[in-house]
Each structure stands twice: as C-alpha cells, then as structure tokens.
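Trainee: In case you want the letters, here they are:
Number of protein chains: 4
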Amino acid sequence: MTSSFARPIRYGMIGGGRNALIGSIHRIAAKMDGNFELVAGALSSEAERAKASAADLGLSPERGYATYEEMANAESGRTDGIEAVVICTPNHVHAGPAIAFLNAGVHVICDKPLTATLEEAEELHSIAKASDKVFVLTHNYTGYPMVREARSRVLSGELGEIRLVQVEYPQDWLAKPLENTDHKQADWRTDPARSGPGGCVADIGTHAFHLARFVSGLGVDRISAELTSFVPGRPLDDNVHAMLKFENGARGMLWASQVAPGHENGLRVRIYGERAGLEWVQADPNYLWLAELDQPRVQITRGGHGSGADAARYIRVPAGHPEGYFEAFATIYTEAAAAIRACDAGESIPDDLLQPGIEDGLEGMRFIYACLESSRKSSAWVDLEN
Amino acid sequence: MTSSFARPIRYGMIGGGRNALIGSIHRIAAKMDGNFELVAGALSSEAERAKASAADLGLSPERGYATYEEMANAESGRTDGIEAVVICTPNHVHAGPAIAFLNAGVHVICDKPLTATLEEAEELHSIAKASDKVFVLTHNYTGYPMVREARSRVLSGELGEIRLVQVEYPQDWLAKPLENTDHKQADWRTDPARSGPGGCVADIGTHAFHLARFVSGLGVDRISAELTSFVPGRPLDDNVHAMLKFENGARGMLWASQVAPGHENGLRVRIYGERAGLEWVQADPNYLWLAELDQPRVQITRGGHGSGADAARYIRVPAGHPEGYFEAFATIYTEAAAAIRACDAGESIPDDLLQPGIEDGLEGMRFIYACLESSRKSSAWVDLEN
Amino acid sequence: MTSSFARPIRYGMIGGGRNALIGSIHRIAAKMDGNFELVAGALSSEAERAKASAADLGLSPERGYATYEEMANAESGRTDGIEAVVICTPNHVHAGPAIAFLNAGVHVICDKPLTATLEEAEELHSIAKASDKVFVLTHNYTGYPMVREARSRVLSGELGEIRLVQVEYPQDWLAKPLENTDHKQADWRTDPARSGPGGCVADIGTHAFHLARFVSGLGVDRISAELTSFVPGRPLDDNVHAMLKFENGARGMLWASQVAPGHENGLRVRIYGERAGLEWVQADPNYLWLAELDQPRVQITRGGHGSGADAARYIRVPAGHPEGYFEAFATIYTEAAAAIRACDAGESIPDDLLQPGIEDGLEGMRFIYACLESSRKSSAWVDLEN
Amino acid sequence: MTSSFARPIRYGMIGGGRNALIGSIHRIAAKMDGNFELVAGALSSEAERAKASAADLGLSPERGYATYEEMANAESGRTDGIEAVVICTPNHVHAGPAIAFLNAGVHVICDKPLTATLEEAEELHSIAKASDKVFVLTHNYTGYPMVREARSRVLSGELGEIRLVQVEYPQDWLAKPLENTDHKQADWRTDPARSGPGGCVADIGTHAFHLARFVSGLGVDRISAELTSFVPGRPLDDNVHAMLKFENGARGMLWASQVAPGHENGLRVRIYGERAGLEWVQADPNYLWLAELDQPRVQITRGGHGSGADAARYIRVPAGHPEGYFEAFATIYTEAAAAIRACDAGESIPDDLLQPGIEDGLEGMRFIYACLESSRKSSAWVDLEN
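Protein chains in written order, with our numbering: chain A, 750 to 1135; chain B, 750 to 1135; chain C, 750 to 1135; chain D, 750 to 1135.
Be aware that a few hints might be false.
All copies of an identical chain are treated as equivalent in the list; a pair is satisfied when it fits inside any one copy or across any two copies.
Stated by the list, open to error - Calculated cross-link-like contacts (lysine-lysine; reagent style BS3-like; alpha-carbon spacing at most 25 Å): (1) K1126 to K925; (2) K878 to K925; (3) K925 to K994; (4) K878 to K800; (5) K1126 to K994; (6) K780 to K925; (7) K925 to K800; (8) K882 to K933; (9) K882 to K780; (10) K933 to K994; (11) K800 to K933; (12) K780 to K800; (13) K800 to K882; (14) K878 to K933.
No lab work stands behind these hints, which were simulated from the structure alone. All figures in this text were calculated on a predicted structure; none of them were measured in a lab.
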C-alpha cells in the first residue's frame, strides 16, 4: 500500500463519546492512513457528556456541540468547517443526522444498519441519491484484504458458476438478559424504539448478508427465514435462520445469533462454485482457504504467495504479520476518502473503490424486513425487492 | 476399554465384495474388538464376483453364496450357521435381505439409510418390531467417543436447555457428473431406482440428522427444506438446506451437500444451550470444543482431562494418540454384539447401549420424505411424524 | 488398500497381559488387516496373571505360558507352533525373548527401544543379522500414510537438498512424580534397571529420532544434547534437548519431553529443503502440510488430492474419514507379514517394505548413548557411529 | 483501553523514506493512539530521496533533512523542535543518530537490534544510561496483549517454577539468494558492513530471545549455539539453533531461520512450568493457549473470558475482533509516550510500563555475540554476561 501526501479531510463525529464502543474504533480507522482529521463532534445525546467527550479528544471547545443540528448549522458556516461527518449512534439516530448533513453539503459516513426503519431508509436513500455528496456505510468486514481476494477470485470466474453461499455470524454476548443490567450496548440493541423492528437480524444479520452479497457479487432474490427470541422477555429476535435464493440460481444459508455460547464475533463466509470453494473467517482474517476440485486445499495468506492485486492495494505490513479489524475498517475510510476527493474534485468516483454505500444500506434494510415478513409467514419465501 | 473373552459371533455379509467400498470397512470394524467372525457371504449381486469375493476373504467355498435368499436358507439349516448378518448393499437391497434374515432368526446389522423407500421402511419396521432379533443400523458417527462425550454433557443438563443445533455434512465428490463415468458408488447413489427418491438427503443428510438427534437427545417436530440438484441431468438432489424445529422449541439448521468443493466428509455438529455450547468435527474427531458462558473455550481431547465415562467406555488407546473412523465404527459393532448376546441369553438389552436401531432407521426415512415434501411445497414446514 | 486372501500368521505374545497398555494395541493392529492370529502367549511375568490373561484372550489353556523360555521351547515343538512372536515387555525384557525366539526359528516383532542397554542391543543385532528370520521393531509412527507421503516427497527430491529437520515429541504425563504412586507405566519407565540408562530419551526420544531419519532418509552424524531430570528424585532424564548434524550437512533440532504440560503425545516433524517444506503432526495425522517456495501452503489430506501412491498402499477408508494410531500400527504389522511371508517362501524381502528393523533398533540405542555422552560432556558434539 | 487527551509528542524520523518497509509501520503505530505527531525527518541517506519522502509525508520543506546530524542540530534549535526521534535505519546507522539525539536532549525510539556491533552497543548503552532521556527499543512483539497475558500469568506463579522455554522464529524469505537481486531489505541484512556480524541471529534471533526473556521473566545464563549459512555465498548466518540455560535452572531451545519454506513470520513461544504450560503464535496473536496439568487445554482470546488486566490495558476492540501487528506496535509507542511524559514531567517512570529499553538492547547484542562465539567453539556453552 503506497500513497503520496494529501491533506487530511476534516471531519466531525455524531455519537462516539465517553463509554461508547464504536467511536474510538472509527477514529483510529479514520486516521490510520492519514486521510481524516477529527475537528468537531456532537459526541453524546447528553450535553455534559458531549462537552467532556470533546475535551477528551482535544477538540476546540466551541466545536464540541450539544446536538447534531447545532453542529450542522455551525460547521456549514465555517470556512474551516467539516467536510465529512461520521455517524456512529444507535440506529434510530442515523437518518436524522445523515439527512441534516447531506443537506448541509457534508459527506456522510454512517454506521450500519442504515436506519432503524425501512421508511427512514427509503427517505434517506432518496435524499442521498439526489445529493452530490458521498455516502458511505461502514460494513467494515468488506475491508479485509482476504475478503477482497475472495471477491476478486469469485468475480474472475475462477470458481465457475456459484452454487452455494454459506454465511454465519454467531455471537454469545446476549445469551443472558444483559439488557436488564446497566449495559448500554445491550440496552439499545434490544429496544425496538432505538434498534428498529429487527434485533440480531439488524445488528449482525445485515453484516452477514452484506458479506455474502459482496463476496459473491450476486443479488439475492428470495429469503425464507425463521427469527427467534430465545431470551425470555426480549422483544427483538436474537437468532436468525434463513435460506437464500440468489439471482443466478445459487442457494445459501445465513445464520446470525447473539445466543450461541463460545462465539465472540464468529463471522464466516463459505462460497462454492462449480470448480472451487473458498472459506474466510473473521477471527483469523489473514487466511483465505481455497479448494479447487481435484486439488488439495490451499491456505492463502494476506500478502503471501497467491494473494493478488485486489488484496494488495490495502495491505500495510508484510505477510505473516497479522492485520486485523482496525486495518480493515481503515480501508473503508481510505476508500471513502478517495471517493470524497474525487467528488470534491468534480471527478467521477473510481470504479475500483468498493466501500459500501447508500444502495447497500437500503438493501440491508430490505433484508431485515424480508426476514421479519418471512418469519411471520411461517418461513414463506419472500421477495427481496431491489 | 476392557473386556473379558467371549466367543465371537458368527456372521455373514450381504454385499461388500470386490470393488465395494464399505464392505471392508464393516469387516475391519466387526473384528476390531474381537466380537465377530465372518463365516459366510453373498458378497455381490453377480454370481461370479460373489464367489471370487468369498475366496478373497478365505470363506469356505460352500458358504460363498450367489444370493441372499440362498444364504438365508442354507445358513439357517446349519448348526454352525450365522448368528448375524451384515447388509452393506445399495439402499434398494436393504429391506429384502433384512426381512429374509429376521425371518430366518438371524440378527441384522444394516447400513443406512434403512431402505430405499418409506413403504419398505415401514414394512421392515413392523417385522423388526415383531421379531425377537436385534436390529442395528450403522449410523457409525455416533460411535465416536467425543460424540458420546457431547451427548453425555447435553443430557446431563450441563448446557442448560438446548436452543440451537447446527449440523452440516458437506462433500464435494459429486460436484461433477461422476455418475456418467464408470463410477460404481456415484452410479447407484444418483439413481432413484437404487437410492430411492432421496439423493444427498438420503445418503448423508440422514447421517447429519441422526447425529443432531443423537447429540441433542431431542426429537425434531418440523422441517422446512430446500433440495437442489445442481449438476445438470442428475435426477436426485445433491444439496440439502433445511431448518429444524425441535420438540423443546430449539431451532436448528442442517446442510448436506455433495457439491461443495473442498469438503471430503465435513460432518460437523454444534449445539448451544442456555449456558454452554459444544462443537465436534468428524475430520478431527478426537477433539470436543466446550464453551461455557463467561469462560474461555476448552479443547477436550478423547480420553484426556475432562473426557468422561461415556467416552471412556470405548476408548482403546491413550489420549493424544488419535482414533478414527474404524474405531468409531467398531464401537457400533461392539454394542451390537453386546445387544445380541443379551438377546440370545434371554436378557433385556442394557440401557447403556447406544447403537442405532430400527426406530432410528424409520425416523431417518421420515426425515427424507419430510425434506422432499417440504421442498416440493416451497419449503413449507412439514411435520416429521413420529 | 487391496489384498487377496492369505492364511493368517500364527503368533504368540510376550507381555501384554491384564493391565498392560500396549498389548491390546499390538493385538488390534496385528489382526486389523487379517494377517496375524494370536495363538499363544507368556503374557505376564507373574504366572497367575499370565494364565488369567491367556484366558481373557481365549487362548487354549496349554498355550498360556508362564515364561517366555517355556513358550519358546513348547511352541517350537508343535506342528502348529507360532511363526512369529510379539514382544511388548519393558525394555529390559526385550533382548532375552528376542534371542530365544530367533534361536527357536521364530520371526520377531519387538517394541522399541530395541533393548535396555547398548550391550544387549549389539548382541541382539549380531544374532538377528545372522538369523534367517525377520526382525521388526515397532516404531509405529512410520506407518502413518502421511508420514509415508512425506518421506516419498523428500526422497523424490521435491524439496531439493534438505537443510533442516525439526522434530519434537513432548508429553506431560510425568510432570509430577507419578512413579511414586502405584502407576505401572511410570514405574518401570523411570527405573534404570528396567528402562536402561535413558529415560525420556529412550522412551520417546528414539521415536522422534527415528521419525526424523525415516522422513529425511538421511543419516545423522553428530549430536549435541542436554538431558535434564526436572522432577526431583527421578534417576532418569525427563527432557531431551538436542541439536543434530545430518550426513549431507543438514541441521536439526530434537526435543522430547515428559514434563511439558498440555502435550499428550505431541509428536511433530518439520522438514525443510531448498525448495519446499513439510509438516506433520501425530495428533492430526491425516494432514500433511506442504509449502513450496513462492507458493501458498497446501494441506494434503490422507488419500485426498495430492496424496500419492506410497500413502495409498495402506489407506483403508476414503479421504475425509480419519484414520489414526491403530491403522498406522497395523501397517507395520502388514509389512511385517509381507516380509515374513517372503522370507518363509525363500524370496528376498521386497524393497518397498518400510517396516523398521534391527538396524533401526541398534541405531536408536546408539542415539540414546550418544545423547547421554554428549550431555555428560557439556553438550559436546558426539559421533553417532553407524 | 481508555485515555484522556494529551498533546501529541512531536517526533522526527531517521530512515523510513520511500521504498522503506518499516518506516510506515512506525508511523502508523506512532499515531494510532494519538500520542505522537511526525514533524521532521531525515528519511533517507540519499538527499533527493529524503526530500521527496518528506514531501510524501506532508512535512514542512525545511524539516525534511538530508542527514541526521543536520536534523539534530536544527531541531534542537527550534522552540517547536522534536521531542523524540524514531530511528528505523539499517543496524549500522543506529548508534550514530541515537547518540546524536540523546546528546541533543531528544528521547530516542530505536529499531532493533540495538546496533551493528557490541562495541557500538556498549558505547550507546553508557550514553543512554547517563542521559536523562528515555530510550525505547522496538521489540514490538512484546506489545501483543496475549504476550502480556502470558507474562502476567508466568510472573504470578500460575505455572509454578518454569522448566522449559521453547521459542522459534522461522521465515523463508531468504531461502534463495535474494540479496543478489535488487532487493533492498535482503541486501543490507546479509551484509556484515551494515547488519553487523550476525545475520539471522541479529535480525530475528534477537526478537525470539527477547520474547523468551520477556514472557519468562527469567535471565539466560548460558547459550550453546550452532549458526549456519545455508545459501551459498552468503557471508552471514541464515539459521540459528541454540540451547539455553536460564538463571533458575530452566532449559530452552531457540530456533530462528530465514530459510524454512512455508514460514512467513512464524514467531512462536511455548513456556512450561511445574503446573501449566502456555503457547502463543504471532500469526494468530489473539489466542493464548493455556494447559494446566490435569485440565484440558484452554483457548484464551484477547479480551475474552480469562483474559486479564495486563492484556486489557492495551486492547482497543472487543474480543473476537482481531487485533494485529500494528496494534501491538502501537502499544510500544503508547508506553514510550507515557515514559516520555513522565520523564519530561520530572516524574519517575511508572513500573507498569513494559516497553523494551537500552538494557534489552545491550542484552540482545550480547546474545548475538554469545551465539557467534559458541558456534565458533563447536557449540560450547558460552556465558551471556549481564
């Protein structure tokens, strides 16, 4: 990975203050490749915490805002105002700031899922499409070099026609009613008012679904799903079983769970074509397993022999030295920066940038709703309208 | 594993002659623990091959029969006639010999699935139930010590109430139309006349289903399935996707495939309860992974620390020295021998013997038919009547 | 693996009675491929136990002997006397019966190490060389198909000139003074009177050494070793560190330990040439890892794609179904049978039989003594005279 | 990992310009936790390249220096001059800049090994000890959370008295004479004039040695080594075999190699005490394997259950999301920053900071020289004077 110097993009952050989990991850990812500089924030829905969080991060006091509306207003009036905003709030506070900043002429980088509800998603989608600003959705797993390698091999036809996609994302952190303790992350993720009508299906099911789509390059036509809430009293699903039909006739299974003891973040994708299969596991992300028919299995390592150009673009350290979650996340940011710079320069956005965007976001919401509908209808096959 | 000497049980074999795959496996498994002695056989449906195969195995020439009917007749007339018969023919030649030998007063050890059709299965089931002879079905994977360990931990309540069962059995050997070459195994397994109406679902789907049942100790109430034939011209399914509802409310997924490049015999079962999860993989069968909530994952080894009494009963070599497929298969035979000896002694069959039997066989056939029906009905949930 | 019928070789066993560990392993291995039939035994040094053990195994009462001398005498006088003897006693009772049975015209299959002392080994070596009978030493790990595959690839020159051999065999069962409890296996293995002057180096160091020699096909010229007894009061070494110089200039390291917590039987060999490297691990024996320079690592499975003819000779079940310790052990027996039959037929022993023999046994004893000498001499390099 | 805001430390870099490998790694590591800001550099020994490299990094033109002497001089005269310098040049250009900047009152962060020669190391050691500035050596592997976890468990006595340490660092990149191509990294590493008298032993042997020391907390008294140059014409060793005696009587083996096909950066450490053993592998750094005697092996994950406080201090993302090489490297920088700030505040450096320093550097050089001496003396045991 090489680069010549470019001025970092000034950005602000919505959410991500003290005690937030994902804010510091976004900040490290944003600065890793030197493309972004944090200058402003509305870092908490509580004004005191927002101010304190801004101080923690060394922001100028006047750029630590109490609300995103205030921030959108103030920053758009500054000559050194933010060029991009990062939204890392609970789901129900995605659409509001995203629309506000797009309207203020600020590029948007938003955490997933796109919104809490499909209605919000459709509105945001319309506005983003009509906007001349860049919209990036941080389905960060697609930034892993070996995920890029997998996609590249699939799209090149190396596997032949794809027949099967098996994707899963098991976790165990909600196996007990953690939301009844004072656990901020569990609290909002199991609350329909903040998470939306999907629980597990929205929080990690969308990641699994997006990864299956990204690696296969195939659209999903129909879904048959069974959603379950295993923990008594939990109003949202904590386990998703689904079968998928892809546009080319391929079949798939998707499993996402928050109640599977032993799994921390067990995202795994396996894809099989007529001639070969691939396997990738997030916990061991520097490996890609390739099995060609009539050949022994091969372990391709990130940047090692057999690892190709699409992986190499975003590799920062030689093979055998593991990269991880931050580096994959940083790649989404680096592609976001490239898109933003192209946009700001009036150029078209390069085809080889693969960061997820507004279409992925809307599709993810349709996935959630299709799963919910199928599950209500005894796992009947439901169209995933595109 | 300890034992005192008992005279080996005389047995004959149906099928399993020259070029057969599974016959030699049965023979090694049968003799490993010293409980069975091969004395007769109708080893091939072709008379010449049957005779030559008998000579290969050192049988007395007169006990190498051309047909199973002839063998049943002749052996039942000898004072040193066979006490048990092992049936390892294609599916459509299970019911015939099984019924013939039960009627001749011979214990039956039969390969899976029970029969080619549900009708045959029901008839055989009736006859076996009415018979005073032992009927064993070689779902051999249940003989692995760490499968026994898993079952034991589940049934003891260590995992709490079971919530999820994820079972899969991918293979790749039929990814191409191998049946169009001169490949005996592929030929009959893809032929409805010999395999029955199920392809992959019958051949390995039943193994996966039985393992899920065995480890969980839970009945399956309903199945939603999608069966596919990926290889053009193949009349039977080569991929099975299914969702399961267990009697206690647990949910499951089952995947069996013959077209997944990179998988030889990738049988794996994962089971998750309220308090813990377990994982076992056939290719690495000496390990059982245990994950208790709030504890790190533990790798229990066959016979090692943490490996309990139910595994220990059938362990033949110290921990760290791998056992494999034959040893698991032999355990089914050793339990079959114990059942046969108890039966012949007029004793009731000990409760702690876990070899699969006629009920498992009938249930496996119902599983096949439920999958076929669900798949025909757009993956509608179908009852698995017990 | 295919075979036509041959009459089983009648054999007797020295040691291996009740409570013995290794006797039942030898018996299962001997019968697995149908080449041996147990008909006699001097199964314990205690007469009562010897008789009871013979009954356990269903031997004719008169062929359950109290001593090996009695057995050699009696069996050599019978027309149906044993053709081979299996010696699985503690080390100090190897040379005596081996010599007695060779002198009685009986083929010998002996557990490792060859003897307790180098003096005994040299005497036995002379007698065995002068004898026209077959002598087999059960360094059983060389029977694993993927060890055969590794050796075959090395000898074919695929790796180029060999540069490095790293072999290790850690265990943990003697990390505590188990010999002070009533533990039969620990008792004699830590007793110089029965084990000989080497402890760990004799018991498992010789296995590691033999495996390095077998896979590399290279002689070892010199050894620099450091032997340690970590457990207080233990008179024999329980840890071996050694550096090796091979005849071609290759270098190696050998580690054997009985005090390394977490290792059951962690035998592993890695070998590196100019162009490629290989890795094999006994606990996961169905895999061979191949790494060619400038290529990704490849996982060759037993009998799978890339697994060659030398592995295939002794494979009994398709790829993906694991074989283990018994099957590898059985291969040594099957090769022993082939050698015995060739010998008895007056033919020369086929070149492609690879079972270890008397030369390996003597070399193993020289290895032990060289390690002891080097360790006494501050790890000075000591010649391993051949 | 939490932190409140502190002004980033201004630093300059020596080496690390265009085409350099390690420079960008240092820069990412330095900024990851927000503690350092790059403001100056003498980024190449070629003036043109130095200037261009400075521009690539967005430095002020006047702060892109042609030589480190010039930089030391100029920066010490600025009120906004650098507070720390990072030296990431070939070994023979460590001592010079390190001394120059210490003398200029600048904290030093230096790549390993400390210097090219022991003489330089001793001089630098004297100066660093006499200086009131902080000196940090980037043995970066000690920054991995699970290495910290391992050390913490060892030092707490959980393993009991340590008996064995097995450490290895195999690579394969120099298996062919890469230095004869135009390969910058291979060129200087195989050149005694730039690398010093040690090749592999200096480049990665020191990492392995330091890791063994760090995890065990034990000093090494004596070394017996065998160094080899396998590639014809290579003037420096490319393989190191060594046996170690630790101060408490523990024994160890160390293997470092640049000619082991299949290994990218295969650093691994295993440590065994009376009561338990631990294993850690750099390629899969988020796992620590713990084996207590009489217990099954446990896989502790970074930040997961069982992962303790010493690991937690520097964890940036939840368990199951992999961290890697950069994050470990960043931890060294974060500890360096804490030490620098304490130093600049006139406080004593906190005991709980574990970044390697000048003593580790001198010891590493003594390790190199002891290996060289032992190897010259037929692997005689050589004291590692401390």
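Trainee: Which of the numbered hints above does this structure break?
Mentor: Violated: hints 1, 2, 4, 6, 7, 8, 10, 13, 14.
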